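As given, the protein sequences belong to chains A and B, one line each in that order.
Numbered by numbering that gives the first Met the number 0, the letters in the first sequence go through residues 0 to 479 in order.
Numbered by numbering that gives the first Met the number 0, the letters in the second sequence go through residues 0 to 98 in order.
If you are wondering where the hints come from, they were derived from the structure by calculation, not from laboratory data.
Check each hint, because a few of them may be wrong.
[As the list claims (entries may be wrong)] Label pairs and their computed distance ranges (CB to CB): (1) T68(B) to A3(A): 46 to 54 Å; (2) R63(A) to T68(B): 31 to 39 Å; (3) P298(A) to R8(B): 36 to 44 Å; (4) G74(B) to Q473(A): 46 to 54 Å; (5) P298(A) to G74(B): 49 to 57 Å; (6) E333(A) to R70(B): 38 to 46 Å; (7) D276(A) to T68(B): 57 to 65 Å; (8) G475(A) to V72(B): 49 to 57 Å; (9) D31(B) to G475(A): 46 to 54 Å; (10) R259(A) to E21(B): 50 to 58 Å; (11) A293(A) to V72(B): 26 to 34 Å; (12) E12(A) to V72(B): 42 to 50 Å; (13) A293(A) to A80(B): 35 to 43 Å.
It should be emphasised that the depicted structure is a prediction, and the values quoted were computed from it without experimental measurement.
Glycine included, every Cβ here is placed at the ideal spot set by N, Cα and C.
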Amino acid sequence: MDIARLTVSEIQEGLKARRFRAEELAREALGYAERENPKTGAYLHFSPERALAAARRVDGAMARGEDPGPLAGVPVAVKDVILTKGLRTTAGSRMLASYIPPYDATAVVRLERAGAVILGKTNCDEFAMGSSNENSAFGPVRNPVDPERVPGGSSGGSGAAVAQGTAVIALGSDTGGSIRQPASFCGVVGITPTYGRVSRYGLIAFASSLDRIGPFARNVRDAGKLLGVIAGRDEMDSTSAFAPVPDYEEKMRGGVRGMRVGLPREYFRDLGSETGDLILRGVETLKKLGCEIAEISLPATDYAIACYYILCTAEASSNLARYDGVRYTMRSRESPTLIDMYRNTRGEGFGAECKRRIMLGTYVLSAGYYDAYYRKAQKVRTLVARDFAQAYEKVDAIAAPVSPFPAFRLGEKIADPLEMYLSDIYTITGSLAGLPCMSVPCGRTASGLPVGMQILTRHFDEAGMLRLAHSFEQAGGVEG
Amino acid sequence: MKITEQEVRYVADLANLRLTPEEVTSLRADLDEILAHIGKLNELDTADVEPMAQVLFEAEETATLREDTERPVLGSETALANAPLSGAGCFKVPKVIER
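Kindly produce the complete structure, drawing on both the sequences and the hints.
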């Protein structure tokens, strides 16, 4: 048994055949993760007691002849913006360095109810703000493919853990590309489900109209299985959707012959690179699978970054107002007055990127600017969503790059925030429109860096998206 | 120039953020560059476009409302557990009112 390459179905078969018990697997997975973690820093902290307790529950259920759940015994990593009761949750921020949540996120409750074994919490950009994981107060994460390079962000730790093999599956969160881009950079599968598909209850809020929780896995099937467990209406999140959750594993079967796949003209225009070549080779595989390829246009794309960075920073400035030195662990020491306490605590607790976004968000919402920036951006968001609605009259799915380039070097882009923002161009649009979107491995560059192909479908058509991704993966990706 | 250092300090006050003079300088430059890019939105005529606050709104207005029934709450001890300073079941802060 290769602990670093295990799949969910191998674990299920192993447990069923009594080749190992969940507790043995948990001990081995924990030991391996703790030994290997220094190479990447993917995990911030481990939760051995909780993991072993979960594993024993699985063993107990099996001994009693009960169904231990669809993720029984599966070692999972959870991004540290997702609350775990009694287990430190930092959001990658000095502000929450010692925060112990009083409750579990709904996604975490559902994971453990399905028998999953949470090994620990993964590093991320502070409050999920970033595209490289370099904004964590607890240090960067290194890409397991090349330790001189970033794993992507903001869910860099979750992507790296799954790629490195220190978790079988992981939870991340995506606001503007924070699951898809690290999945692409690390060479794993990452899914951003439709907005509302997965409850946000217990997700530390960054930009509430955009935030989504989603899976990482080493193959499409495992990612789909994890999605099936966490998806569905939750009355603790009034924006979670009532739409029924299909059996994604079953829906993945069956081919994609005749499926109409659109290539957005605007996404391939500036892509005369290895990444572009790999995506186009991936499209050739889709053709061989019987997909009908059509060119589409998403003309508002050029305005998406500007729109997104107004809306997400405006929402962030409101959401992060709660970190004021009163309720959440950190308080500046030298603060004689209440207002000093607020200001000093926030000045000391937030890192540079958080401050930048709080400032931009406060600026665009401030008196006299609201209509010019915030309201304007909300209108442009309508245009972005309308582009997709029109495209989906002609196609069933969209194939695109995830990022203009593969994983870059640590420190390479940190000095230029706007350049970093602009690199989110291909993921931002799907975020603004709330569409299901994912990254599936699509070959490697000559120097061995993974590239992901993005697949998008209509709202709540995760099943179609997964079927296309699964068929692509089974056909061998770019080698197909 | 889209934004001055004075405006940066004004916005920092609105956001309750203490900034060092170096931070004011670098944030001014960053915000200036970002705001220049954001200015691109003015190329678009959006006079007849409805603003979008939320992506999906097909459900009935009251679809997400639950019955107003009593439920167990966290309780003040749990709620205060992460407070930097608490006492007598309350969050403690520096004195606000002078006698």
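Could one say that the CB atoms of E333(A) and R70(B) fall in the range 38 to 46 Å?
At roughly 41 Å between Cβ atoms, R70(B) and E333(A) fall inside 38 to 46 Å, so the hint holds.
Is the gap between the beta carbons of D31(B) and G475(A) within 46 to 54 Å?
Roughly 48 Å apart at Cβ, these two residues keep to the hinted range, so it holds.
Consistency of beta-carbon spacing, V72(B) to A293(A), with hint 26 to 34 Å:
Taking Cβ atoms as reference, A293(A) and V72(B) lie about 54 Å apart, which means the hint is violated.
Should the hint that T68(B) and A3(A) are 46 to 54 Å apart at their CB atoms be regarded as holding?
holds (48 Å)
Hint says 35 to 43 Å; check whether the CB-CB distance for A293(A) and A80(B) agrees.
violated (56 Å)
Taking 49 to 57 Å as the hint, is the beta-carbon distance of P298(A) and G74(B) inside that range?
For P298(A) and G74(B) the Cβ distance comes to about 53 Å; the hint holds.
Should the hint that R259(A) and E21(B) are 50 to 58 Å apart at their CB atoms be regarded as holding?
holds (54 Å)
For E12(A) and V72(B), compare the CB-CB distance with the range 42 to 50 Å and indicate the outcome.
About 44 Å separates the Cβ atoms of E12(A) and V72(B), which means 42 to 50 Å holds.
For the pair G475(A) and V72(B), does the Cβ-Cβ distance stay inside 49 to 57 Å?
Distance hint for G475(A), V72(B) holds at roughly 54 Å.
Measuring from beta carbon to beta carbon, are R63(A) and T68(B) in 31 to 39 Å?
holds (34 Å)
Look at the Cβ atoms of D276(A) and T68(B) and judge whether their distance stays inside 57 to 65 Å.
Holds - the Cβ-Cβ distance for D276(A) and T68(B), about 59 Å, lies within 57 to 65 Å.
CB of G74(B) to CB of Q473(A), is that within 46 to 54 Å?
holds (51 Å)
Consistency with the previously given hints fails for numbers 11, 13, ordered from lowest to highest.
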